[in-house]
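Q: Sequence:
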Amino acid sequence: MKRFVFYVMKGLRLLVQVSLLSMMILFYIPFILSGRFWEGSPDYGAARISERLKKFVHDNLNH
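Here my numbering runs 1272 ahead of the position in the sequence shown, where the first position is 1.
The calculated SDA-like cross-link candidates involving lysine to any residue, where the alpha carbons are at most 25 Å apart (straight line), are:
hint	residue 1	residue 2
1	Lys1326	Ile1297
2	Lys1274	Leu1284
3	Lys1326	Met1296
4	Lys1326	Pro1302
5	Lys1327	Met1296
Keep in mind the hints are simulated off the structure, nothing from the lab.
Given the sequences, and given the hints that come with them, work out the whole structure.
A: So this is what it looks like as structure tokens:
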């Protein structure tokens, strides 16, 4: 029983790490795609993404 709990905890920890990593990767994909990430100016990329997101929401909600 103790061994089972140990494996479950280990699995949960791995799952949390993987999900955090994938969230970080998903968060950075737009920066990498916009090319601003490599120029060392993620702020500009983030501003562009938020503008695009606002435009997208605006276009889709105001039909």
